[in-house]
Amino acid sequence: MALDVRQAAPAHARQRPRREITTAFVVSRIAVLAVAAAILLYAAPPLAATGSWVALGLLCAVSAGIAYLYLTRRFIPAKYLIPGTVFLVAFQVFPVVYTLTTAFTNFGDGHRGDKAAAITAIETGSVRQAPGSPEYTLSAALRGDELVFLLVDPATKRVSLGAADGLTPLAGAQVGVTGKVLSAPGLTVLKAPEAAARGPEITALAVPTADGVIKANGLSRAVEGKAGLRYDAACDCVRGDGGTWTADESQGYFVNAKGEHLAQGWQVNVGLDNFARVLTNPTISGYFAGVLGWNLVFALASVLGCFALGMGVALALHHPRMRGTKVYRIVLILPYAMPAFAMLLVWRDLFNRDFGLINQLLGAEIDWLGQTGTARLGVILVNIWLGFPYMFLVTTGALQAIPRELTEAASIDGATPFKAFRRVTLPLLLVALTPLLISAFAFNFNNYNAIALTTDGGPFPADSPQVGGTDLLITYTFRLAFGAGGAQFGFAAAISVFIFAIVAVISAVAFRRTRKQEEVYA
Amino acid sequence: MRMRALGVATLATLAFAATACGSSPSAAPAAGPQSGQPSASASAPAAGGGTLVIWADPLRVKPLQPFAQQFGTENGVTVEVKEISKDNQMTFLTASQQGSGPDIMIGAHDWIGNLVQNGAIDPVTLTEEQKASFSDKAIQAVTFNGQIYGAPYALENIALIRNTDLAPDAPATIEDMIAKGKELKAAGKVKEVLCLPVGQKGDAFHVYPIFASGGGALFGTTATGDPDPKQVLLGSADSVKAFGKLKELGEKGDGALRTSLTNENYIVNFAGGKCAYLVSGPWAISEVKKGGVKYDISPVPAFKDGKPATPFVGVQSFFVASKGKNKALAQEFVANYVTNKDVAKALYDADPRPPALTAALEEVKAGDPDAAKFLDAGKDGLPMPAIPEMAAIWEPFGIAENAVVKGGDAAKAAAAAQKAIDGSLKN
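Protein chains in written order, with this note's numbering: chain A, 1 to 522; chain B, 523 to 949.
This is chain B alone, in the form it adopts within the complex:
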């Protein structure tokens, strides 16, 4: 009996193994057996073209769907748009590495440095004509090491949004803005001078224009004009001065920057009429409208006699995954298909960030003046450095900001940030 059982077991295993191994060659070329994401659309027999997989964040899945379908029909392939909602960059890198990543990824241009050092994306070749159809800023942002690594579709940057009932005129300088804000606060019309998120860890992204206007800088530049990770300037004399200016605006000074204003409450406060000025981006607009506040958008002002208040500019882009299974199609989609106006407009309708495509922007402007105003606010902006070393900047910068806003010593805070960054970059 024992022998019989053993025999049956062996036979069964052999049978499993045989079917398993036998099925693998036929399964392999179709969609890639490791994709591990069985779905109804993938299993539907496409006209031999296989599947093109696109990963997008939740906001962009729906608007992309019709274009993906159309592209699929034209090329006889199945196009899947999958929603990735958390840690998109890390998820993409891990999945790519493991062989179950998408063919096309959608993300912000400042990922490029990290994606390139991990060999996760390929350059995208755009024709001269295509390049000319985008705003210069967008092309500049997606260019890394002299190569274009993504097809840009939307720009985003912060601007000054003001409550026009409380502050009818756009302030010319930071000093004007603070004076007006303080006046309104003294009159009891607002609770806060300025709604700009700081929080317990600082917020480098939102405070950067003011920091830059105060003369502060993050990196030196290389010969080619790119940010140079070997020269971190956060602890330089100019940056110390800029931190000093932030201190003057902080809790022990004008009270305009406050650690209790956080990313969770700063827009709500503005929408509730508790402050006259808000420093935020296009994502704030829907909430501001909901609050029924009359608003206008202008560039973040600079200090009187200060440098320009340049915000960071982020560019949302399509990337071609190096380890995609269908690169020719992915390149076709990214370089030749999504660079058209209709796609840019559809994405804009889903999430109103100014399109990178000049033609699309012109159309959008007509119906929505906000887009043009945001774009104008970012026209001198600094494309967020895409070098991987930027990751080392955010937190120490934020903490130094928090420290000076609380009234800490600017020189000490800047030196500590510089030291922390140099330490982690091994400069």
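For reference, chain A alone in the conformation it holds in the complex:
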């Protein structure tokens, strides 16, 4: 049986017409393989250097897979699917998974690194210069292959040799005017560039003394220091003059009996704490409903406002008797073509009560961004101004696809223009545009820039400085996560998960409704 199959296979292959090998075919192959190889070559050395073998193995496996896929003639559909899939994994799946995993940690300021790094930082930060000790002038030298310090006490001009085993007086050294040692018997004194090349060794060398260590401070000075705090692995604690701080793995801090902690902490898994904090923190839960309500209003008003205005303009320009449409289109597209960042800042200044153009034109004294009602109206107006050209563009496109015969037929049937629009044009438009409206809603729901660059969440009522009148969930939680307590990435990630859930639910419901609508009209 096996023999039969083996013989049958080549015969089968011979029957299939060989695909012609075109230049495009070869070039695309080479391009894909080259990119894969380049990524491998770029990423492999650092991974190997840090010993991330799992990641390196994964990288090699994926590269091998890609190389195989594009060298074989089989798996034609996969050849088209793989690049997209790789990008999907790299830019969508990985960030989402990373955000999710971060949400379970206390990653943030004070908890950025691991415990070892925190211990190093605590010990290094506690080193004080021993009182009354000399500030030595340092020259680095070699004793054979071993790096040693030549230390000159500037007060007494006495020269000592410092090595890993201790400090010994040195005779016969010649000291220059800068206080540095020029030469010493039996030693090779390093010149500045040579010493610089051995920088890490110089940093690492600690010369033990009676009650501390002498360490280099740069390349030309050394001081005797004493660490005030020392980590003791036996008790998993830090000891020092001020007491004992024991590691608390639930907080990622060294904590003493009084509950005070050392400044440097490390990243730990905090389980569902961040999620619990979102749900139980009174400053979040207390304002949540209000902020969510305004957030929905803002997103809906932005989308519907943009759509109504954009569609209105598109319909007007679509009218067969309209003249000069090109000029109008160029003018209308301007807000879309200008950078939104700059425009938002300009609008903010236009709304200024005393110096803004809007009040000057109106001759009014309205504190636009200083009162909740007007500030909300203001940000919605600005957002519509920024967003309607997009809706105008897509509606114009969709209108071209609707045959004029349909509206003509409707008018022959006796429909008024409004009725024809309401019953014929609009439903057909909506079939094409609803997905865009939903995505615009999702975008505006999280439109951080529109708020942060105009009102920055304000105006703030005097009695609650944490949540402003125009705060969206995203600006409000950004302030909570990155404002007061420094950067709290873990907490921010937990909040993003919640916001994602809200937007996902709304979008899913909306898409479901769209599908029903499509079934009716399509």
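These are computed hints drawn from the structure, not numbers from a lab.
Ideal placement from N, C-alpha and C gives every residue a C-beta, glycine not left out.
Errors might be hidden in some of the hints.
As the list claims (entries may be wrong) - Listed next, the stretches of chain B that the computed footprint assigns to chain A, with coverage defined by at least 3 CB atoms under 8 angstroms from CB atoms of chain A:
id : region
1  : 593-602
2  : 631-639
3  : 661-669
4  : 914-928
Fit chain B to the supplied structure of chain A, relying on the hints for placement.
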């Protein structure tokens, strides 16, 4: 055919992997493979010393360049000065953590608390002689937990800048200043009594001297005299009084503090002659000069019978990164090289903030009286608290300021700020 393709693929991968892994040991010690910032200067073969990377804000890249080159030549290393223009502190922390940070960072001293709690910088050991060569205020500012964490090079604080055509004499008290400002406004000579930014979220930095003169305070002090994050005093009776004074100066009172004056327009207004008094720092001077206004600088005045109007003092410093690849060189550069007069002067020329080095300041004073006047205005100033908890103060303080300036109740605003801060500090 399938087998052959598979074989070729495997071979190719093995070859990639072999070259990749083979090259890593030789590449690693040179500049650090994770630095991920290939540049022409880094790849140039230095005399075995490697690379020293300095991150600076855009204003300071150019003036540092020649000194960096000189230091590089003396020590046989390549020194790169890289420009970081946005979110410098956060960028530095993230890059440090990830292993692609610099050896030396330049920034404001009030970052120190946060940088230390993240283990991102090392203490800098200055000799007694070096310490004595800086102004006391500068050394006080860069000292955190009893350790010096940076080499200071410039001081900055706000002062009162006045248009000498409109207001020839420096006001002795806030009341005098307001009276004069109102008089000028009534006479139609100016549009605003005082140009001090408030904006829709308040501006704690600029209003602080007036707040302090009114008796307000942010933190209590610990036994060692450092600000104590466990004692937030924004809601204390004294601070409520100070907020009350801000209210009197605000829109429902004297109209000197106005929310429509923002960080974007307050200097322009002064430079355009629309107000006689400006509360700002050295960064305002170039624009004021451009506007052709004749000006003089004096300390921000205090309330009559009030406390001194102490501005915040910020100190620009060089920091040694804990996770730098070349710490010995970085320490050499920060502790022994940039603490010299020429570097301080070059940085001053690029951006006129008074040098922290007394000798450099003396030289600068001769050619530029403004520097000395700014420094004088800040001589009683409060070094901006460097504790990480300070981050929790700015916004609630600003919003409380905004509320009282609009005419809100001082006690309510102060209590709300206190509550918000206590909440985020978990006091």
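Verification of the hints:
no. : hint    : verdict
1   : 593-602 : holds (count 4)
2   : 631-639 : holds (count 4)
3   : 661-669 : holds (count 3)
4   : 914-928 : holds (count 9)
Consistency with the previously given hints is maintained throughout, with no hint failing.
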